[in-house]
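2 protein chains.
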Amino acid sequence: MWRKILNSFNSVKCSAHNPSLLANNVKYLSSFVSGEPTGPLVKTAIPGPRSLAMLSEMKKIQISDAVQLFADYSKSIGNYLYDVDGNILLDVYTQISSIPLGYNHPELLDVLQDKENIRTFINRPALGVFPGENYPQRVQNSLLRIAPKGHTEVTTMACGSCSNENAYKAIFVWYRRKQRGDKSYTPEEETSCVMNQLPGVSDLTLLSFKGAFHGRTFGTLITTHTKPVHKLDIPTKDWPIGTFPRYKYPLEEFVRENEEEDRRCLAEVEELFDRYNKRGKTVAGVVIEPIQSEGGDHHASPAFFQELQRIAKKNGAALLIDEVQTGGGTTGEFWCHDHFNLDHPVDIVTYSKKMLIGGYFSLPEFRPREGYRIFNTWMGEPSKVILLEKVVEIIKRDKLIENVRVTGDVLLNGLKDFGKRYPNVVKNVRGRGTFCAFDCVSMAKRDQLVEQLKVEGIQSGGAGPVAVRLRPSLVFQPHHASIFLDRLEKALKKMD
Amino acid sequence: MWRKILNSFNSVKCSAHNPSLLANNVKYLSSFVSGEPTGPLVKTAIPGPRSLAMLSEMKKIQISDAVQLFADYSKSIGNYLYDVDGNILLDVYTQISSIPLGYNHPELLDVLQDKENIRTFINRPALGVFPGENYPQRVQNSLLRIAPKGHTEVTTMACGSCSNENAYKAIFVWYRRKQRGDKSYTPEEETSCVMNQLPGVSDLTLLSFKGAFHGRTFGTLITTHTKPVHKLDIPTKDWPIGTFPRYKYPLEEFVRENEEEDRRCLAEVEELFDRYNKRGKTVAGVVIEPIQSEGGDHHASPAFFQELQRIAKKNGAALLIDEVQTGGGTTGEFWCHDHFNLDHPVDIVTYSKKMLIGGYFSLPEFRPREGYRIFNTWMGEPSKVILLEKVVEIIKRDKLIENVRVTGDVLLNGLKDFGKRYPNVVKNVRGRGTFCAFDCVSMAKRDQLVEQLKVEGIQSGGAGPVAVRLRPSLVFQPHHASIFLDRLEKALKKMD
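Protein chains in written order, with the numbering used here: chain H, 1 to 496; chain C, 1 to 496.
Treat the hints with caution; some may be incorrect.
You can't tell identical chains apart in this list, so a pair holds if it fits in one copy or across any two.
[Unchecked claim] Derived pair list, reagent style DSSO-like, types lysine-lysine, alpha-carbon separation capped at 27 Å:
1. Lys59 x Lys183
2. Lys237 x Lys278
3. Lys115 x Lys75
4. Lys278 x Lys183
5. Lys59 x Lys149
6. Lys115 x Lys390
7. Lys445 x Lys493
8. Lys60 x Lys183
9. Lys59 x Lys178
10. Lys178 x Lys227
11. Lys390 x Lys75
12. Lys227 x Lys183
13. Lys445 x Lys490
14. Lys60 x Lys396
15. Lys314 x Lys178
16. Lys237 x Lys210
17. Lys178 x Lys60
18. Lys427 x Lys416
19. Lys60 x Lys149
20. Lys281 x Lys237
21. Lys59 x Lys390
22. Lys281 x Lys227
23. Lys420 x Lys445
24. Lys427 x Lys493
25. Lys399 x Lys75
26. Lys227 x Lys427
27. Lys313 x Lys60
28. Lys390 x Lys60
29. Lys427 x Lys490
By construction, these hints were calculated from the structure, which means they are not laboratory data.
Go ahead and model the full structure; you've got the sequences and the hints to work with.
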């Protein structure tokens, strides 16, 4: 089916401006962001000479080994990232999955034409102490408009790591309050905690998973288990680490094996609860991504998550779902865990990236009883809430989640077809919405493919040791998917 | 002397618009930000009815126990914070010390009139991977233009906690590289670290001080020792905690006692190095504020810091000076440690708040050898760099550090005079530049004074158990200090 759509697009030279030959089920007849080019354009090696000159300046200032190119954010538009050498890349990576509506969406530019809004951008308050006029209403119009099921409370933070750090703290505070009952802190607790001593501090733990990524600050890093480069040399703690399922693909051919994998991983979680609880390192919560992203785009079944929630509840532990990368609509639901049909609302859901602001949604029992327990100077930023308000309005109005579903079908079916036709390069195709990935046979082959894709005008990214991850924006449409698949096939042919 | 200035101001009704009677040494004859009112105006109890209505909305969404009022950031101007009930407060707290040039500085508003700049505000890149055109130049024009002595490298982060978290990581990475010499990581290190095990992770520690505040995320919280509310229930680590000097005031009357206090604290630092190093919890660095701010505005002498740096060097440990609150000019030097006449540049200096963006300056040996060791999605934000570029330009052009020195003299002398005349309320007056504080006899009295100041139209804040801290912006001038002292005296009279 995707081939039909792809062919129809190819026949109009992938032009967003002449989409009359679209297949019937593709509802969006032009780009959501006007002014996009008709396709990528690669003029130089990437990074090109101007990028390299800027890079040499940047290297004088700081480590810059991860820099791929210098972008021209004035010219970048919609799904297209322009670089300073005049190259135009179709961007399916979107700043590590953090651009919801593509570049320079005209209605976001308009937000900053409003004089009142401009004042919000330059007068950054200490939000927890001196919030601005109508701030609660702004939060209602943005974050709470897309709150996960069962959630009416939200805390804002400046970035993804801080979102998880503070959500972890909220879990520990909640857990100890359950233990204390109605009693207040003892004087001994108050004195000892300041000097990092029990009983004021706790020996509680959080259970995380192999291959998980929750951030690089000290608390989140305890629960991150992707690459040595994040972890080497940094002091940490002994918290339980479970196994996130590793499925065999295609899923429909390995139903029994993958169910067995779920059972094995869940039994291990139960065993870890027992072991750590008995050792006095009580497990206060379970922290998990709905799709392990940085770790290599590993999926787990709804049944796995349902049972995990039951195990956490049975043990009196919180379940935190980290939607920093998966949240915001690109899985075809606003929150990826909406796919899981869970028994109960998730205790805590963290967000950042495409939400423009960080933070977490939490059930009412996770609200601390005292001010300043979850606090910092900025607590996020109202200017981001204003932008998010507009983003959410556009997502609803333009039915962008529906667009993700339609486009995701094109993308995933296209990748599956390549999986059959280029089995030596494209393996284990998987995805929800446009949040898709596939594996290569080795890290070297994966890195080579990502480079080759750039030569073909595609900005993509790796995930884990061998995966290519696709993280297009919400305005990535079937005709963009078509261009991507076309370019990917060109790259694959050069790999074979 | 300050009385003379104060009287001259009182005689012109504290008007910034008729400053002709200013004392000779007050060089600035009008406000740096035009459009300021002539003084505070209090119409309602604070929080007033509109603030209370918004607060009740906010309480539905999140914990709001620290909220003092809802501000009108459209009307707020210069040193004056307007609230939604029409109250006008002279702000000597500035959003927990995070507003460099007061509210709505016209030249900061102009930054957002520029169409190119607007695009920087809505296209937030993953700075470590896809920086924008001329970003290195922007960093040169802003952060590196005011780099601490001996520093040419800078890393950007989104907030103060992340600045310290990542600076701590840079210290651990640096220390272990020294230990390894030219050897690379062993396969065992690479495998073990991902599972939170030695030898890949480390048992290194950082030495912090009682009363220190470096943040509330897990790593920084290990080194924060202010209030139980920050620390209770949160798992932590056993790292060495020294004693920050507690001086007797006035300093000139207790020279011998305070020198003895320095010696005692430094001897304890040496002892902690020995004890932790022997236990295999090697101290990789010392983390300290140049003035303990959140902990209660505790100062230490230049001699203390000089010797502390020598002790760190002798032990092969890094010295990190946390200038998140003290940096940016309000101590009368751009960096507070500029007052200390240290033997060597400081290894790492962290910043945030009035710098608008977080991050750290570090000497070249603290640069990791591999990309992604110090990394996150956003790595700060270019829009903040653009604003900071303008802020730095204005600080230099308007000689705002000089203004801080002149105004600080007025403020500190005024407070010292109150210390003599209201000795039951104003104790231990201290400060550098306008970064001033004094103690009350108890927390209850301090809280009462901060409330009474609000009734008089002054927004101030507490620090530690008994201190009132003053954190005016860089555009706080002698005539503002005069108004503040006048209102403070009114409040003091009601306290006696």
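To see whether the hints hold, each was checked on the structure:
| no. | hint | verdict |
| --- | --- | --- |
| 1 | Lys59 x Lys183 | between (55 Å within a copy, 24 Å between copies) |
| 2 | Lys237 x Lys278 | both (17 Å within a copy, 21 Å between copies) |
| 3 | Lys115 x Lys75 | both (24 Å within a copy, 12 Å between copies) |
| 4 | Lys278 x Lys183 | within (24 Å within a copy, 40 Å between copies) |
| 5 | Lys59 x Lys149 | between (46 Å within a copy, 20 Å between copies) |
| 6 | Lys115 x Lys390 | both (16 Å within a copy, 19 Å between copies) |
| 7 | Lys445 x Lys493 | within (13 Å within a copy, 77 Å between copies) |
| 8 | Lys60 x Lys183 | between (56 Å within a copy, 25 Å between copies) |
| 9 | Lys59 x Lys178 | between (51 Å within a copy, 22 Å between copies) |
| 10 | Lys178 x Lys227 | between (35 Å within a copy, 22 Å between copies) |
| 11 | Lys390 x Lys75 | both (21 Å within a copy, 24 Å between copies) |
| 12 | Lys227 x Lys183 | between (43 Å within a copy, 19 Å between copies) |
| 13 | Lys445 x Lys490 | within (15 Å within a copy, 75 Å between copies) |
| 14 | Lys60 x Lys396 | between (45 Å within a copy, 24 Å between copies) |
| 15 | Lys314 x Lys178 | within (15 Å within a copy, 47 Å between copies) |
| 16 | Lys237 x Lys210 | both (15 Å within a copy, 23 Å between copies) |
| 17 | Lys178 x Lys60 | between (52 Å within a copy, 22 Å between copies) |
| 18 | Lys427 x Lys416 | within (9 Å within a copy, 74 Å between copies) |
| 19 | Lys60 x Lys149 | between (48 Å within a copy, 17 Å between copies) |
| 20 | Lys281 x Lys237 | both (11 Å within a copy, 14 Å between copies) |
| 21 | Lys59 x Lys390 | between (37 Å within a copy, 24 Å between copies) |
| 22 | Lys281 x Lys227 | both (25 Å within a copy, 25 Å between copies) |
| 23 | Lys420 x Lys445 | within (18 Å within a copy, 76 Å between copies) |
| 24 | Lys427 x Lys493 | within (15 Å within a copy, 78 Å between copies) |
| 25 | Lys399 x Lys75 | within (26 Å within a copy, 37 Å between copies) |
| 26 | Lys227 x Lys427 | within (22 Å within a copy, 53 Å between copies) |
| 27 | Lys313 x Lys60 | between (52 Å within a copy, 26 Å between copies) |
| 28 | Lys390 x Lys60 | between (38 Å within a copy, 23 Å between copies) |
| 29 | Lys427 x Lys490 | within (17 Å within a copy, 76 Å between copies) |
In the structure shown, no violation is registered for any of the earlier numbered hints.
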